[in-house]
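Colleague: For reference, the chains in residue letters:
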Amino acid sequence: MSDATITETDDAVEIPHGYDDGQDHIGLPHHTSTGLSNTKLAMWLFLGSECLLFGGLISTYMLYRNRQADQLGPDQLWDIPFTSATSFVLLMSSLTMVMAVSNAKRKDEQRTKLWLTVTALLGALFLAGQVYEFTVFYREGLGYTTSLFSSSFYTLTGFHGVHVAVGIVMLLSLVAMLAKGKLVGDKHETVEMIGLYWHFVDVVWIVIFTLVYLIPA
Amino acid sequence: MSSDTTTDTTTDPAATADSGDAHDGPVAPAEHEQRHKEPTDRQYIFIALFLAVLTAIEIAATEVGPDGPLLIVSLVVLMVVKFLFVILFFMHLRFDSRLFSLVFYIGLVFAIVLYGVMLATFHFFVS
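As they're listed, the protein sequences go chains G and E.
Following this note's numbering from start to finish, the first sequence increments by one per residue and tops out at 1411.
Following this note's numbering from start to finish, the second sequence increments by one per residue and tops out at 620.
The shape of chain G in the complex, shown without the other chains (with noise of 0.2 Å):
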């Protein structure tokens, strides 16, 4: 037997690296000069560009936190019990996410689509939570061009809301997909990919909730 095929059970049944049948191989290697899921791979790198994206964003708004003049700034702004509530909300977001994927390697899929559909209503009430803050600071005179405070907060804030929206619209196609059994190929892996991209999203309000709303301007 060359190195690229394996015994996948006691029949002898022989698969190549990487072959694709439209069953899950768990647990096979991947037909990839690396060995490595060529997906997950690129997903990974994607998550480390994206991490460039919010370390520019991050950085712009720990620049521009104090310039706001006579304008509102953020000690008479945030609502920091309400924004713990959100933030929580994610947390636990992370924790229904991983439940997902822990039963799409069982391939238990009645359960992977009720964990998959509850991350995706905990991420629309952080949403939720998100816009009404939006709404409540625009109401107190915070608009977007008020200060380089105001547009910084709200360029990172909003690039995290929509990248949480992306994932909830992901989320809810997974879960129709997984419904209607229009999902083909590695089913672990698909659920899984989704996943470690709303763990990022989660990491990122993490890092956002310490350094923008927790340490004082």
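Hints should not be assumed to be uniformly reliable.
[Claimed, not checked] Taking beta-carbon pairs under 8 Å as the criterion, some of the chain G residues facing chain E (in silico):
#1 T1228
#2 L1239
#3 L1246
#4 G1249
#5 G1250
#6 S1278
#7 I1409
If you are wondering where the hints come from, they were derived from the structure by calculation, not from laboratory data.
Remember, predicted model here, so these are calculated numbers, not experimental data.
All C-beta atoms in this analysis are idealised placements derived from N, C-alpha and C, irrespective of residue type, glycine included.
Keeping the supplied structure of chain G fixed, place chain E upon it in accordance with the hints.
Modeller: Same frame as chain G, now just chain E:
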């Protein structure tokens, strides 16, 4: 890489049941053992609770904790711990190929360097 190793890894039912993501090809025994340590559902719940407690400590620190640099250092340390727990356990970096860690950490280091360069530019080179 021998085909024997490959066969051993993929035919062991325990290995395929608990080996986590296990997408990254035939694994060495040490790495295989490491993957067996991937958290169970119960451990995921404990990790999430731990993260929630850290968040509560962060919030409490801003209300009743120390002021000044000590508060900032405490908050940054707690943030880094939460960050690491999510990427290592929820995102499985601890149990996956080191290449995934490498590509992510490169992006992270560049982001931190970017922040340093921006700070230096605006704080030191602007009159």
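Colleague: Does each hint fit the structure? Answer for all of them.
Modeller: Outcome of the hint check:
| no. | hint | in the structure |
| --- | --- | --- |
| 1 | T1228 | holds, 7 Å |
| 2 | L1239 | holds, 5 Å |
| 3 | L1246 | holds, 5 Å |
| 4 | G1249 | holds, 3 Å |
| 5 | G1250 | holds, 6 Å |
| 6 | S1278 | holds, 5 Å |
| 7 | I1409 | holds, 6 Å |
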